[in-house]
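Number of protein chains: 2
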Amino acid sequence: MLLRKINNQYLRICKSPQLRPFHSARVMNAPSSVNDLTKEPVRKEFVDMLSDFDQLMDKMIPVIREYYLDCGRPKTVKMNEFALPDQILKEIGEIKESGQSIDQCVDTLKTSLKYSLKTMHPFFMDKLYAGSEPIGQVAELVTAILNTHVHVYHVAPVFSVMEVECVKIFGKEFGFKEEHIDGTLNPGGSMSNMMALLAARQEHFPHVRNEGWKAEDKPVAFTSVQSHYSVARGAMVAGMGINNLVNVPCDRMTGVMIPEKLEEALKAEIEKGNKPFFVNTLAGSTVMGGFDDQNAISAICKKYGVWHHIDACWGGYLVFSNKLKTTLFAGAEKADSISINPHKGLSVPTQCSLLLTNNKKDALRKSNHSGAEYLFHETEYSKYDIGDKTLSCGRRGDGLKLWMCMQRNGLEGFRAKADDAMEKSVYITNQIKKQPEKFTMVNEPQATNICFWYIPKAFRNGAEYTDSQ
Amino acid sequence: MLLRKINNQYLRICKSPQLRPFHSARVMNAPSSVNDLTKEPVRKEFVDMLSDFDQLMDKMIPVIREYYLDCGRPKTVKMNEFALPDQILKEIGEIKESGQSIDQCVDTLKTSLKYSLKTMHPFFMDKLYAGSEPIGQVAELVTAILNTHVHVYHVAPVFSVMEVECVKIFGKEFGFKEEHIDGTLNPGGSMSNMMALLAARQEHFPHVRNEGWKAEDKPVAFTSVQSHYSVARGAMVAGMGINNLVNVPCDRMTGVMIPEKLEEALKAEIEKGNKPFFVNTLAGSTVMGGFDDQNAISAICKKYGVWHHIDACWGGYLVFSNKLKTTLFAGAEKADSISINPHKGLSVPTQCSLLLTNNKKDALRKSNHSGAEYLFHETEYSKYDIGDKTLSCGRRGDGLKLWMCMQRNGLEGFRAKADDAMEKSVYITNQIKKQPEKFTMVNEPQATNICFWYIPKAFRNGAEYTDSQ
Numbered sequence: 001m002l003l004r005k006i007n008n009q010y011l012r013i014c015k016s017p018q019l020r021p022f023h024s025a026r027v028m029n030a031p032s033s034v035n036d037l038t039k040e041p042v043r044k045e046f047v048d049m050l051s052d053f054d055q056l057m058d059k060m061i062p063v064i065r066e067y068y069l070d071c072g073r074p075k076t077v078k079m080n081e082f083a084l085p086d087q088i089l090k091e092i093g094e095i096k097e098s099g100q101s102i103d104q105c106v107d108t109l110k111t112s113l114k115y116s117l118k119t120m121h122p123f124f125m126d127k128l129y130a131g132s133e134p135i136g137q138v139a140e141l142v143t144a145i146l147n148t149h150v151h152v153y154h155v156a157p158v159f160s161v162m163e164v165e166c167v168k169i170f171g172k173e174f175g176f177k178e179e180h181i182d183g184t185l186n187p188g189g190s191m192s193n194m195m196a197l198l199a200a201r202q203e204h205f206p207h208v209r210n211e212g213w214k215a216e217d218k219p220v221a222f223t224s225v226q227s228h229y230s231v232a233r234g235a236m237v238a239g240m241g242i243n244n245l246v247n248v249p250c251d252r253m254t255g256v257m258i259p260e261k262l263e264e265a266l267k268a269e270i271e272k273g274n275k276p277f278f279v280n281t282l283a284g285s286t287v288m289g290g291f292d293d294q295n296a297i298s299a300i301c302k303k304y305g306v307w308h309h310i311d312a313c314w315g316g317y318l319v320f321s322n323k324l325k326t327t328l329f330a331g332a333e334k335a336d337s338i339s340i341n342p343h344k345g346l347s348v349p350t351q352c353s354l355l356l357t358n359n360k361k362d363a364l365r366k367s368n369h370s371g372a373e374y375l376f377h378e379t380e381y382s383k384y385d386i387g388d389k390t391l392s393c394g395r396r397g398d399g400l401k402l403w404m405c406m407q408r409n410g411l412e413g414f415r416a417k418a419d420d421a422m423e424k425s426v427y428i429t430n431q432i433k434k435q436p437e438k439f440t441m442v443n444e445p446q447a448t449n450i451c452f453w454y455i456p457k458a459f460r461n462g463a464e465y466t467d468s469q
Numbered sequence: 001m002l003l004r005k006i007n008n009q010y011l012r013i014c015k016s017p018q019l020r021p022f023h024s025a026r027v028m029n030a031p032s033s034v035n036d037l038t039k040e041p042v043r044k045e046f047v048d049m050l051s052d053f054d055q056l057m058d059k060m061i062p063v064i065r066e067y068y069l070d071c072g073r074p075k076t077v078k079m080n081e082f083a084l085p086d087q088i089l090k091e092i093g094e095i096k097e098s099g100q101s102i103d104q105c106v107d108t109l110k111t112s113l114k115y116s117l118k119t120m121h122p123f124f125m126d127k128l129y130a131g132s133e134p135i136g137q138v139a140e141l142v143t144a145i146l147n148t149h150v151h152v153y154h155v156a157p158v159f160s161v162m163e164v165e166c167v168k169i170f171g172k173e174f175g176f177k178e179e180h181i182d183g184t185l186n187p188g189g190s191m192s193n194m195m196a197l198l199a200a201r202q203e204h205f206p207h208v209r210n211e212g213w214k215a216e217d218k219p220v221a222f223t224s225v226q227s228h229y230s231v232a233r234g235a236m237v238a239g240m241g242i243n244n245l246v247n248v249p250c251d252r253m254t255g256v257m258i259p260e261k262l263e264e265a266l267k268a269e270i271e272k273g274n275k276p277f278f279v280n281t282l283a284g285s286t287v288m289g290g291f292d293d294q295n296a297i298s299a300i301c302k303k304y305g306v307w308h309h310i311d312a313c314w315g316g317y318l319v320f321s322n323k324l325k326t327t328l329f330a331g332a333e334k335a336d337s338i339s340i341n342p343h344k345g346l347s348v349p350t351q352c353s354l355l356l357t358n359n360k361k362d363a364l365r366k367s368n369h370s371g372a373e374y375l376f377h378e379t380e381y382s383k384y385d386i387g388d389k390t391l392s393c394g395r396r397g398d399g400l401k402l403w404m405c406m407q408r409n410g411l412e413g414f415r416a417k418a419d420d421a422m423e424k425s426v427y428i429t430n431q432i433k434k435q436p437e438k439f440t441m442v443n444e445p446q447a448t449n450i451c452f453w454y455i456p457k458a459f460r461n462g463a464e465y466t467d468s469q
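Going down the list, the sequences are from chains A and B. Numbering-wise, UniProt numbering puts 32 at position 32 of the first sequence, and it's gapless, one number per residue. Numbering-wise, UniProt numbering puts 301 at position 301 of the second sequence, and it's gapless, one number per residue.
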């Protein structure tokens, strides 16, 4: 009897059923199937929770359906209803001492839909991501219902298996050999890039883990001048300092790293007595969408013995295009690590970011392991204990939505997304070029970032203008 | 006409409608209300997406309802159906070149529910979290549908406002003055603790950001010997080295830091010429559930001028208990920062972690800002541009589910969760004590971690035994 009582009580700890006075009608009228006499009766707390779930779904599904339809009428429905913080605060009200009804909660969810940006609206072009797909959205609901962490296999077997498989699939797309692939899903591209820098630090300066940086270390890392700010933030976090991150010049017209400049910079730092250990290159720079020459850079990195990372957070999804794989990503298979965000370009709900390593056996575990004995044990499936390879302890199950989006679309669906994006980039570029009186291209796009100037009327008809005007 | 075409095409870039051959029946029979003749017709891509959403919901809601009911019959329904990786791989199948139908995707989602641990099952006691609540789960669905990042206000007005408000509410619960509170939501407690250490580093060694650690810095941080491994990981990441994190001894019986030992350790390090800058204390240690004496430690930290952080990731939710607030958390209001995970103890879906700072104006921004001009601009609402205060660029909208769980439960709901947990802890402790022949307590629990030994039959009846057996 003790065990039963304990468990009854434990349940109440988690669910506080006495705090749910709002839906007594539903609870009283629980459908008879809920408590089939031939089965163990469903505990009241779960009947109550199900009533909440049912009411929320009953009320929210029509709202969500209307939201989809609104997004599908972009000429008459605005992308956003912009409001200042005071207005939003007024409409969402305050958190009160007493709990509020499902209807009041639904009102807040409606307000959230109303004032948030419709990222799935066709006119949303603000940042490097867009709307997500229904399969990913429903996978997120299931993830929230399962509500488990992905640190060790035995609490998250399915999420762990899916994560490991997704890592393999993405690694292979970049041309890595299956037996050389490792990687993890991380909370965002900034974290993936930072973890790559830390893995390189561990390889070149293994004493830093325990002893910290020493004066004689003189670490220096290199990145494209066009790179995302997370690389500098990584250098800052890692305690090597942003000044010890050398910005390698890029071609003025393409925004692509000049390999000769990288080699010059490497030589100059070595002459100063500094120790290069990490080069960050780009596969889709944030602004110009440039793809660095990975073959040339790989050769230089191998010559000087430094870790070659590709930040493909933004442009990496284009690897699914068979045509672009062999052009934009030529040489990527030689890199030591690649970060890629399926939440960009592939419509997987945010957050979804991968760091892949190539031929760096256990580098992530060496870099990040904690030795937390209460969590990690040697078992036949301990390679699925992913948490020890990351900076997190508890981790979201981002693998499920990625797996589900891949299953629904198939690899050919992802390929078509990449090919479509490129086709449309060419189309839009051509449209811009057809109207030289109104627009002028900054450069010939390598991929899907199209940089152009709108020419104000005052500067047309032969009037001179420069970039600075 | 150009604009329209561009937008049509842009839409297709994102949604690849030609990849959706599976549900033609639904598309053909789109309900007439979808395309009301008086309104702009809904674009086909959105009709298709809605069809996916409808089918997924139609099929998944009964599955989810059954899952709730299963969890509510814990004596006959197992907490988990354990399977090894090969079995799971076999059942989820492979990602194929071609996309799979909604039914096939639903099968995979069912498999996920089948083999994942039922964390909402009353018998789940494996780790420091449990199931989530329907309101939080549905908020996650809405978050995935909105699919926006929370870096700047103008792409996520509602999420940003909710995050700022939640920070205030939690800060006030710990006794911070409203005008002194700052903070952010982060991807997990490890990240929150690491960010606290980095903020302290920025305050004491501001040159590290740009120049890296110098030989003369000799930083040293202090943590309870009972602390979570994320603190050591933080010291590792920050490039100061795990060896420069001093583990302060705890009381053998309570697992609580001995303030005198902290002061001794501080003095010893200062005598060695090292520079203390950060003390990590605990409000709910992972194993013993110990709450450090924050008043005593605060006085020491102020005396030596070091940052006082409280890792309340686990036990922080108990602050909502008015009774425990004044006992377990006495002095917490004097800390410089506190981390707390509402995804533990408060049933908010994972991930949900807060780092709160107190009277450290703009410390998080100073520590983490990027100067990314393409993102962050001075506006009347730029204090809501949260991304610049964090290590992330794109960020999940974790604020919505936290807000919704608070709205549904009310503060009194959170208070009842805390009080209930404590009541049940006392109850279980008493039950254990009533059976001294079978169990022996390790110590008197301070809060909800109950540490006891089961006495094997061989050691009963006066046979001698020790901890090591």
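Careful, some of the hints might be misleading.
If several chains are the same, the list does not tell them apart, and a pair holds so long as it fits within one copy or across any two.
As the list claims (entries may be wrong) - Calculated cross-link-like contacts (lysine-lysine; reagent style DSS-like; alpha-carbon spacing at most 30 Å):
1. Lys90 / Lys59
2. Lys44 / Lys177
3. Lys114 / Lys96
4. Lys302 / Lys366
5. Lys78 / Lys361
6. Lys78 / Lys218
7. Lys214 / Lys325
8. Lys110 / Lys383
9. Lys334 / Lys168
10. Lys438 / Lys267
11. Lys96 / Lys361
12. Lys110 / Lys39
13. Lys267 / Lys323
14. Lys177 / Lys96
15. Lys267 / Lys434
16. Lys177 / Lys39
17. Lys214 / Lys172
18. Lys434 / Lys44
19. Lys424 / Lys78
20. Lys434 / Lys218
21. Lys275 / Lys110
Bear in mind the hints are in silico, worked out from the structure with no lab data behind them.
Verification of the supplied hints:
Within a single copy, lysine 90 and lysine 59 get their C-alpha atoms as close as 23 Å, which meets the 30 Å cut-off; across copies the closest is 38 Å, which misses it. Taking the closest pair of Cα atoms, lysine 44 and lysine 177 never come within 30 Å of each other, the shortest separation being 53 Å inside a single copy and 40 Å across copies. Taking CA atoms no more than 30 Å apart as the test, lysine 114 paired with lysine 96 passes inside one copy only; the shortest distance there is 23 Å, against 38 Å between copies. Taking identical chains as interchangeable, the C-alpha atoms of lysine 302 and lysine 366 lie at most 30 Å apart only when both belong to the same chain, with a minimum of 21 Å there against 37 Å between chains.
In this homomeric assembly, lysine 78 and lysine 361 never come within 30 Å of each other (Cα to Cα): the closest approach is 50 Å inside a single copy and 38 Å across copies. For the identical chains of this complex, lysine 78 and lysine 218 are neighbours neither inside a copy (53 Å) nor across copies (56 Å), given an alpha-carbon limit of 30 Å. Within a single copy, lysine 214 and lysine 325 get their C-alpha atoms no closer than 41 Å, and across copies no closer than 43 Å, so neither meets the 30 Å cut-off. With identical chains, the CA atoms of lysine 110 and lysine 383 are at most 30 Å apart between copies only, with a shortest distance of 25 Å across copies and 43 Å within one.
Taking the closest pair of Cα atoms, lysine 334 and lysine 168 come within 30 Å of each other only inside a single copy of the chain (16 Å); across copies the shortest separation is 48 Å, beyond that limit. When the C-alpha separation of lysine 438 and lysine 267 is checked against a cutoff of 30 Å, the pair qualifies neither within a copy, at 45 Å, nor between copies, at 71 Å. With identical chains, the CA atoms of lysine 96 and lysine 361 are at most 30 Å apart between copies only, with a shortest distance of 27 Å across copies and 52 Å within one. For the identical chains of this complex, lysine 110 and lysine 39 are inter-copy neighbours only, at 22 Å across copies versus 38 Å inside a copy, given an alpha-carbon limit of 30 Å.
Neither within a single protomer nor between protomers do lysine 267 and lysine 323 lie at most 30 Å apart by alpha-carbon distance, with minima of 35 Å and 65 Å respectively. For the identical chains of this complex, lysine 177 and lysine 96 are inter-copy neighbours only, at 19 Å across copies versus 56 Å inside a copy, given an alpha-carbon limit of 30 Å. For the homomeric pair lysine 267 and lysine 434, neither the shortest alpha-carbon distance inside one copy (45 Å) nor that between copies (74 Å) is at most 30 Å. For the identical chains of this complex, lysine 177 and lysine 39 are neighbours neither inside a copy (51 Å) nor across copies (53 Å), given an alpha-carbon limit of 30 Å.
Taking the closest pair of Cα atoms, lysine 214 and lysine 172 never come within 30 Å of each other, the shortest separation being 38 Å inside a single copy and 42 Å across copies. Within a single copy, lysine 434 and lysine 44 get their C-alpha atoms only as close as 68 Å, which misses the 30 Å cut-off; across copies the closest is 29 Å, which meets it. Only within a single protomer do lysine 424 and lysine 78 lie at most 30 Å apart by alpha-carbon distance; the minimum there is 23 Å, versus 51 Å between protomers. Taking the shortest Cα distances, lysine 434 and lysine 218 never come within 30 Å of each other, neither inside one copy (52 Å) nor across copies (63 Å).
In this homomeric assembly, lysine 275 and lysine 110 never come within 30 Å of each other (Cα to Cα): the closest approach is 55 Å inside a single copy and 52 Å across copies.
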